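First to last, the protein sequences are chains A and B.
Quick note on numbering: the first sequence equals residues 1 to 367 in this note's numbering.
Quick note on numbering: the second sequence equals residues 1 to 244 in this note's numbering.
Heads up, some of the hints might be wrong.
Stated by the list, open to error - The list that follows gives simulated cross-link-like pairs (lysine-lysine, DSBU-like), each with its CA atoms no further than 30 Å apart:
1) A:K235 / A:K24
2) B:K139 / A:K187
3) B:K139 / A:K355
The set of hints was computed from the structure by calculation and includes no laboratory data.
It should be emphasised that the depicted structure is a prediction, and the values quoted were computed from it without experimental measurement.
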Amino acid sequence: MGAATETFYSVIRRQGITRRSFHKFCSLTATSLGLGPLAASRIANALETKPRIPVIWMHGLECTCCSESFIRSAHPLVKDAVLSMISLDYDDTIMAAAGHQAEEILEETRAKYKGQYVLAVEGNPPLNEGGMFCIDGGKPFVEKLKLMAEDAMAIIAWGACASWGCVQAAKPNPTQATPIDKVITNKPIIKVPGCPPIAEVMTGVVTFITTFGKLPELDRQGRPKMFYSQRIHDKCYRRPHFDAGQFVEEWDDEAARKGFCLYKMGCKGPTTYNACSTVRWNGGVSFPIQSGHGCIGCSEDGFWDKGSFYDRLTTIKQFGIEHNADEVGMVAAGAVGAAVAAHAAVTAVKRLATKRDDAKQNVGQDN
Amino acid sequence: MLDRTIAPDGSLQTGASDAHGERVIGRPTVYVYEAPVRICHWVNALAIVVLMVSGYFIGTPLPSVGGEASAHFLMGYIRFTHFAAGQILAVFFLARVLWAFVGNHHSRQIFYVPVHRVQFWKEVLHEIRWYAFLEREPKMYVGHNPLAQTAMFTGFTLFVAFMIITGFALYSEGTGIDSWQHRLFGWVFAIWPNSQDVHTWHHLGMWALVTFVMVHIYAAIREDIMSRQSIISSMVSGERQFRE
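Please model the entire structure based on the sequences and the hints provided.
Given below as structure tokens:
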């Protein structure tokens, strides 16, 4: 635990990293966070002087894809993030300790760094049946979460699970899996959605928090603006094809081979806020659309409940059979149109009948 | 000269007389729709039609065009048309709201429904009976009849306001988080965090407007013929003629 009081700089110097490399790292991080040129020296200063921030990383109902993504970060390397930048005191998936030994660390961190540690949560707590659908260390996960959240400085909600609920919260959500911000309401929470989030986004968020000791600027939904303020669509390299009106119509057509826009194939890029089209995946190699498949909108709220991944429009289930807005609308318009036509017909018949009556009466009077 | 006395409930008191107090034989005419109301009506009508067509083609794009992307801007033009018509609709809708404050009694009619008045609902019922062929004679109104007023309030005022709000919210996704559109309308995403839901509601709103437009046009034509008062030409000249 003593390691947590060391600075990042002293740790990496001990590992044999030169001061020159350290400054390169600071510049690169400042750039990837979208900060100005002055930020590089501020990051360097912070990493040289501030003690490393202890991080507790907990796992609720989840699939560990966030961890899998995190350990593949290239800028900064996760090795640097885990071993040097932060003091990852507890992560039950990748830590060496186990059992009571591991659980003791939680208590220790909570007592020693009251109000100073960051609580990173992967997955979410199920609330149904007293939370017994996720038992962690003999207790419902929700209790562990609430306990550790009490004294945390801030909470990072990793991935779609912690941010929105994801697949375990999809309808009908039998375990009542609940996103973190609906359970913990009195702490600053940063949402880093995605299934999983991009590795560089995760380490970027960690770097920011450890460097500046506060959360980055968040948008209305609690996501870091630096990574989630634009849609996949806004920075998509296939965007020119969208604007031109060039679309893939079938998975095996000529347009698909030419790399046209996947809008008609149900790409959710226009409604999905994430950094995939700029940061990309696996060290900037590619991202779903570049691989020829539309975005499925995995960083958006309730993306499992919006119908097919291959339809632009959401399925509306309230109408018994699954339909989308346009189908429902067309039926409604058709029904109203038919009603109008029928009404007009009845009106015309009535009017004719009335006229004939009037005419008859008139004829009668004349006689 | 015509006496244009209108009772507080909007019904017409026909007491046409000339300067010498003699009864004038003719059709009583009342000035109902002032020029700004008529201009707003036709501009909005055109904008709504353009918005429906362009909006549909944004949701369901036309077949792919071939060649180089740099040679075409089809979706771009369709989207520009939609956004331009949307902004025009917003401006004229806003102008129409402002005119309700300075215009005549009739200019305010589509912005409220007097839900607290029993007489109003009785007359709504009468109108429903008239449309269900249960009444032989329709009542005459200078402005909108109570049923029409209710339909205009929900079908036009509420629906169009909904479309403008969700429309600008969706537009703000492109203009960015620091744009005035996002500052003014970004709260929509607090109600529906996933923009896909806002898209769905915007689509449903379009179809709701389609049904409103159909009923609106049908009722206008029908009343023009059946109620013995001018409806369609009133929106051009502003004057309502009553025929016997």
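Q. So which of those numbered hints doesn't the model satisfy?
A. 2
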